[in-house]
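Can you make the complete structure from the sequences, with help from the hints?
Each chain, letter by letter, is given below.
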Amino acid sequence: MELIKSILASQVGFSVVFAFVLVNIIMLVVTYCIYWERKISAWIQDRHGPNRVGPAGLIQPFADGLKFFLKEDWIPPYSDKALFVMAPVLMFILALIGFAIIPWAGPVRWPWMPEGTSIDTQVASIDIGILYFLAVGGLTVYAIVLGAWASKSKFPFYGGIRGTAQVLSYEIPLGLGLFVIILGNGSLRLEEILGAQARMWQLGDASIWPAWNFFLHPVTFLLVLVTAFAETNRLPFDLAEAEQELVGGYHTEYSALKFGAFYLAEYANMITMSAVLAVLFFGGWHLPGVNGDSASIGWALVRFVIIWAKIILFLFFYMWIRWTLPRFRYDQLMHLAWLTLVPLGLLLLTWTAVLTLIGRQNTWLAPAGEIGIFALLVLVGALRAAPITGRQRDLPAARIVQFD
Amino acid sequence: MADWKDKDVLHVSEPKLTALERTYLPQVVAGLGTTLRHMFQKKFTLQYPEEKRQMRVQNYRGIHRLNRDDQGRVACVACFMCPSICPAQCIYIVAGESPWPDREKYPVKFEIDELRCIFCGMCEEVCPVDAIELTSEYGLLGYTREEMLFDKEKLLKLFDLTKGYKPRKGPKITGYPKPTDQRGTSTHEGL
Ligand code: SF4
Ligand code: SF4
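Which chain is which? The protein sequence lines are A and B, in order.
The opening position of the first sequence corresponds to residue 0 in numbering that gives the first Met the number 0, with each subsequent residue numbered one higher.
The opening position of the second sequence corresponds to residue 0 in numbering that gives the first Met the number 0, with each subsequent residue numbered one higher.
Take every hint as true, because none was put in to throw you off.
20 Å max Cα-Cα, derived DMTMM-like pairs, lysine to aspartate or glutamate: (1) 108/B / 145/B; (2) 51/B / 45/A; (3) 42/B / 36/A; (4) 41/B / 45/A; (5) 42/B / 45/A; (6) 165/B / 68/B; (7) 151/B / 112/B; (8) 108/B / 159/B; (9) 108/B / 150/B; (10) 104/B / 129/B; (11) 151/A / 79/A; (12) 156/B / 113/B.
These are computed hints drawn from the structure, not numbers from a lab.
In this text, all values refer to a predicted model and were calculated from it rather than measured experimentally.
Structure (structure tokens):
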């Protein structure tokens with residue numbers, strides 16, 4: 000008992016225990032993500048969704064999981080076996096280490112710890128902070144490419160090529176968007192970025208509005224949101240999978256648990272991405288009235304629940320978008336990244352950099368300038384008479400077909 | 000293809016987008032609104048075993064029944080017309096001497112293999128005494144092949160369960176029956 004207490008009271012020991020707890024929470028949420036994905040898709044299509052296994056179908060995800068165990072685990076004889084087995088493992092590991100830098104619930108003090116001390120509810124508080132997230136996110140594409148290459152089959156191959164080009168292209172606007180936040184807050188550490196948001200804007204004596212980055216950088220949020228969809232390979236940017244064209248893309252040849260690993264990793268990635276978005280733009284565990292400094296267990300729990308509520312809202316948004324928008328065509332995807340998002344990101348970064356130079360990055364100038372930049376881009380687009388994906392401009396003139 | 004005219008060809012050009020629409024954001028928001036509305040709309044799915052579908056067509060040909068005459072006896076006179084005409088050859092009849100004075104033969108055994116039956120309705124059409132009929136029941140379910148071999152008792156029971164209506168005697172070809180119409184609501188559980 001004393002041992003457990005002392006482990007929980009030290010930052011390293013707590014991080015290890017917390018990481019274990021988090022992996023379990025995330026796996027449970029992932030399981031139910033699959034359930035809700037099916038439910039939401041059904042509701043949007045005027046159906047009921049899974050409702051037979053258990054009350055309201057709540058046991059369905061476990062039945063699905065059991066099915067993965069029972070299926071034949073098939074490794075194609077022509078595949079590169081070592082890489083073929085490695086790819087889903089890599090994907091799964093990467094999906095589960097990304098959340099290490101998320102500041103989940105601020106400081107907490109166990110009753111047996113001395114007064115005034117506290118530990119952070121964060122698995123790893125590292126200096127590079129958000130760069131770690133970018134690195135892990137960038138590595139995911141290795142898993143996709145390895146799986147695609149090792150399959151030695153044409154559809155996974157196409158999926159792998161598409162996935163690589165897509166993730167490489169969208170890393171750039173994502174990085175630019177994140178740099179705007181980093182510049183504005185002057186820190187790479189997520190907990191410091193969050194701490195700067197966990198307050199209210201004052202007008203005289205009255206607190207009027209939470210000082211979340213979303214209100215400071217609305218257009219940057221839009222940019223990061225779009226790239227986040229592309230980074231997690233979700234519709235409308237799931238070109239690496241594209242089940243209608245590529246029969247599942249990079250995981251076409253995978254079955255049973257290896258497919259399950261890819262499948263679960265996709266949702267785990269979504270959770271990490273949602274958590275990062277919530278921390279960067281929506282104040283993480285902050286809500287008006289929430290005490291961010293108190294280290295009592297009660298407040299820590301409240302903060303933990305709030306950040307999860309925000310994550311779940313993001314997950315819902317992910318699914319909502321998925322069942323609303325059709326997939327982009329490949330050239331449109333590239334057009335969007337290189338000719339729209341990258342210039343937008345560069346302009347936003349320049350604007351924030353200028354504001355930071357004169358020390359005004361946290362004033363109304365930031366959102367006003369961002370909206371101005373957005374309006375400017377809309378105007379340029381109007382003059383070029385091409386939508387962001389470049390579709391209308393490139394459309395060939397209608398051809399009159401003569402039958403004889 | 001020679002009679003294609005130029006005016007037959009419909010030229011469709013893309014609608015011109017406004018400046019804001021070129022960012023696709025208004026369309027995305029409108030689309031999200033549409034899907035959100037659908038999330039709370041009435042569901043179209045029928046929860047099958049609990050909810051039964053109303054028959055859309057009244058002349059639907061489902062499971063057979065073997066009719067009884069007004070004295071409650073099996074109406075079939077074992078004339079062997081139906082096994083002769085049946086294209087799937089799935090009717091097996093063993094005839095015996097009738098115990099009743101008004102006919103010579105009656106079926107001692109009468110079996111229909113519902114798995115082989117193609118529900119063409121020839122047996123019903125050819126029967127001289129309207130003894131065999133196809134009901135509107137579609138709940139043809141079973142765990143084994145043997146269960147799908149309907150014998151005389153089962154076919155007569157089906158008549159008892161469905162005697163409320165006469166199939167295909169002057170019905171409209173298609174149409175929506177009134178909610179009180181119990182056709183096709185699967186009496187299979189009663190067997
Ligand atoms: S419906 Fe057709 S196939 Fe079926 S028993 Fe009658 S004649 Fe044979
Ligand atoms: S045609 Fe009618 S009467 Fe003749 S054997 Fe068949 S069911 Fe009986």
